[in-house]
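Enquirer: Build out the structure end to end from the sequences listed, making use of the hints.
So the chains spell out like this:
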Amino acid sequence: GAVVSQHPSRVICKSGTSVKIECRSLDFQATTMFWYRQFPKKSLMLMATSNEGSKATYEQGVEKDKFLINHASLTLSTLTVTSAHPEDSSFYICSAPRLQDTQYFGPGTRLTVL
Amino acid sequence: AQKVTQAQTEISVVEKEDVTLDCVYETRDTTYYLFWYKQPPSGELVFLIRRNSFDEQNEISGRYSWNFQKSTSSFNFTITASQVVDSAVYFCALTRGYGSEKLVFGKGTKLTVNP
Numbered sequence: 001g002a003v004v005s006q007h008p009s010r011v012i013c014k015s016g017t018s019v020k021i022e023c024r025s026l027d028f029q030a031t032t033m034f035w036y037r038q039f040p041k042k043s044l045m046l047m048a049t050s051n052e053g054s055k056a057t058y059e060q061g062v063e064k065d066k067f068l069i070n071h072a073s074l075t076l077s078t079l080t081v082t083s084a085h086p087e088d089s090s091f092y093i094c095s096a097p098r099l100q101d102t103q104y105f106g107p108g109t110r111l112t113v114l
Numbered sequence: 001a002q003k004v005t006q007a008q009t010e011i012s013v014v015e016k017e018d019v020t021l022d023c024v025y026e027t028r029d030t031t032y033y034l035f036w037y038k039q040p041p042s043g044e045l046v047f048l049i050r051r052n053s054f055d056e057q058n059e060i061s062g063r064y065s066w067n068f069q070k071s072t073s074s075f076n077f078t079i080t081a082s083q084v085v086d087s088a089v090y091f092c093a094l095t096r097g098y099g100s101e102k103l104v105f106g107k108g109t110k111l112t113v114n115p
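Chains A and B are the protein sequences, given in the same order.
Residues 1 to 114 in our numbering are what the first sequence spells out, letter by letter.
Residues 1 to 115 in our numbering are what the second sequence spells out, letter by letter.
Among the hints, erroneous ones may be present.
[Said to hold, decoys possible] Capping the alpha-carbon separation at 30 Å, the derived lysine-lysine pairs in DSS-like fashion look like this: (1) K42(A) - K3(B); (2) K42(A) - K107(B); (3) K41(A) - K3(B); (4) K41(A) - K110(B); (5) K70(B) - K42(A); (6) K41(A) - K66(A); (7) K107(B) - K3(B); (8) K107(B) - K41(A); (9) K3(B) - K66(A); (10) K110(B) - K42(A); (11) K16(B) - K42(A); (12) K41(A) - K16(B); (13) K55(A) - K107(B); (14) K64(A) - K107(B); (15) K66(A) - K107(B); (16) K42(A) - K38(B); (17) K3(B) - K110(B); (18) K14(A) - K41(A); (19) K20(A) - K107(B); (20) K3(B) - K55(A); (21) K20(A) - K38(B); (22) K64(A) - K20(A); (23) K64(A) - K3(B); (24) K38(B) - K41(A).
[Claimed, not checked] Some but not every residue of chain A turned toward chain B, in silico, with C-beta under 10 Å: (25) T49; (26) P97; (27) T102.
Quick caveat, the hints were computed from the structure, so don't treat them as lab data.
A virtual CB, placed ideally from N, CA and C, is assigned to each residue, including glycine.
Expert: Printed below as a string of structure tokens:
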């Protein structure tokens, strides 16, 4: 069964609003989680590394103030897209590494900004 | 810097054909891990295999097999007797760590298996 969940799976919002996406590790703790973004028919690009108890590490070119990441607990990381615009429409996927195992991906969140 | 190249953008085969998906990687690390993921139309990434840089043994799992060759920096994936359900986008990925480090993905290969 799934070991990483994401919520919501799909969201449609108006331009200018903020959207929060949750990523949860279901049966293990993750001090680190990753947020990826995937445009249609494109590959996954890492946006940021979410660190429990400290600030997230953003990849070059990713706006920190635009994509707020909070690693609230050892099983939960949230990505908030602030003041969303149509160009933010994308598929967002989180992943969490399980100790001595591999990275598991959430089912993804499809964001559409009108 | 790490890089993964999947030169085949799209492949189309007829059911029961064998198909090989190519993956070439670049890294300066001596320890690294390679992955293959399957992404069906639903979007969820399905883990297929992980291989570390010290293990060059080929692996077979049912109709799937993987050929890892450090000499050519390749980690190719073969599906034998393909089925329609194999239709998906397949990603090859590379990471420095065991699994706790970020993944660098190739651009993916879209496989279409026609009945």
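Enquirer: Against this structure, judge whether each hint is valid.
Expert: Against the structure, the hints:
Taking the CA atoms of K42(A) and K3(B), the gap is about 16 Å. The hint holds against a cut of 30 Å. Distance hint between K42(A) and K107(B) is fulfilled; the C-alpha atoms sit about 6 Å from each other, no more than 30 Å. Annotation: proposed proximity of K41(A) to K3(B) holds, straight-line Cα distance about 19 Å (limit 30 Å). Of the pairs offered as hints, the one joining K41(A) and K110(B) holds, with about 9 Å between alpha carbons and a cut-off of 30 Å not exceeded.
With a C-alpha separation of about 27 Å, the suggested pairing of K70(B) with K42(A) holds against the 30 Å cut-off. Between K41(A) and K66(A) the alpha-carbon distance is near 24 Å, which keeps this suggested pair within the 30 Å criterion. About 10 Å separates the Cα atoms of K107(B) and K3(B), which keeps this hinted pair within 30 Å; it holds. Using a Cα cut-off of 30 Å, the hinted pair K107(B) and K41(A) holds, with the two alpha carbons roughly 9 Å apart.
At roughly 27 Å between alpha-carbon atoms, K3(B) and K66(A) fall within 30 Å of each other, so this suggested pair holds. Simply put, K110(B) and K42(A) have alpha-carbon atoms about 10 Å apart, close enough for the 30 Å limit, and the pair holds. For a cut-off of 30 Å, the pair hint linking K16(B) to K42(A) stands: about 28 Å separates their Cα positions. With a C-alpha separation of about 26 Å, the suggested pair K41(A) and K16(B) falls inside the 30 Å cut-off, and the hint holds.
Our distance criterion of 30 Å between C-alpha atoms is met by K55(A) and K107(B), whose separation comes to about 29 Å. At most 30 Å may separate the alpha-carbon atoms for a hinted pair to count; K64(A) and K107(B) meet this at roughly 25 Å. The suggested pairing of K66(A) with K107(B) holds, with an alpha-carbon distance near 25 Å, which does not exceed 30 Å. Of the supplied pair hints, the one linking K42(A) and K38(B) holds, its CA atoms being roughly 14 Å apart against a limit of 30 Å.
Straight-line distance between C-alpha atoms of K3(B) and K110(B) comes to about 19 Å, which keeps the hinted pair within the 30 Å bound. For the hint pairing K14(A) with K41(A), the CA-to-CA distance comes to about 24 Å; that is within 30 Å, so the pair holds. Distance hint between K20(A) and K107(B) is fulfilled; the C-alpha atoms sit about 27 Å from each other, no more than 30 Å. Of the pairs offered as hints, the one joining K3(B) and K55(A) holds, with about 26 Å between alpha carbons and a cut-off of 30 Å not exceeded.
A distance of roughly 26 Å separates the Cα atoms of K20(A) and K38(B); the hinted pair therefore holds under the 30 Å criterion. In summary, the hint linking K64(A) to K20(A) is supported, as the alpha carbons are separated by about 15 Å, within the 30 Å threshold. Of the pairs offered as hints, the one joining K64(A) and K3(B) holds, with about 25 Å between alpha carbons and a cut-off of 30 Å not exceeded. A C-alpha spacing of about 14 Å is found between K38(B) and K41(A), which places the hinted pair at or below 30 Å, so the restraint holds.
Of the supplied interface hints, the one on T49(A) holds, with its beta-carbon coming within about 6 Å of a beta-carbon of chain B, less than 10 Å. Checking P97(A) against chain B by beta carbon gives a least distance of about 4 Å; that is within 10 Å, so the hint holds. Taking 10 Å as the C-beta cut-off, the interface hint given for T102(A) holds, the closest approach to chain B being about 5 Å.
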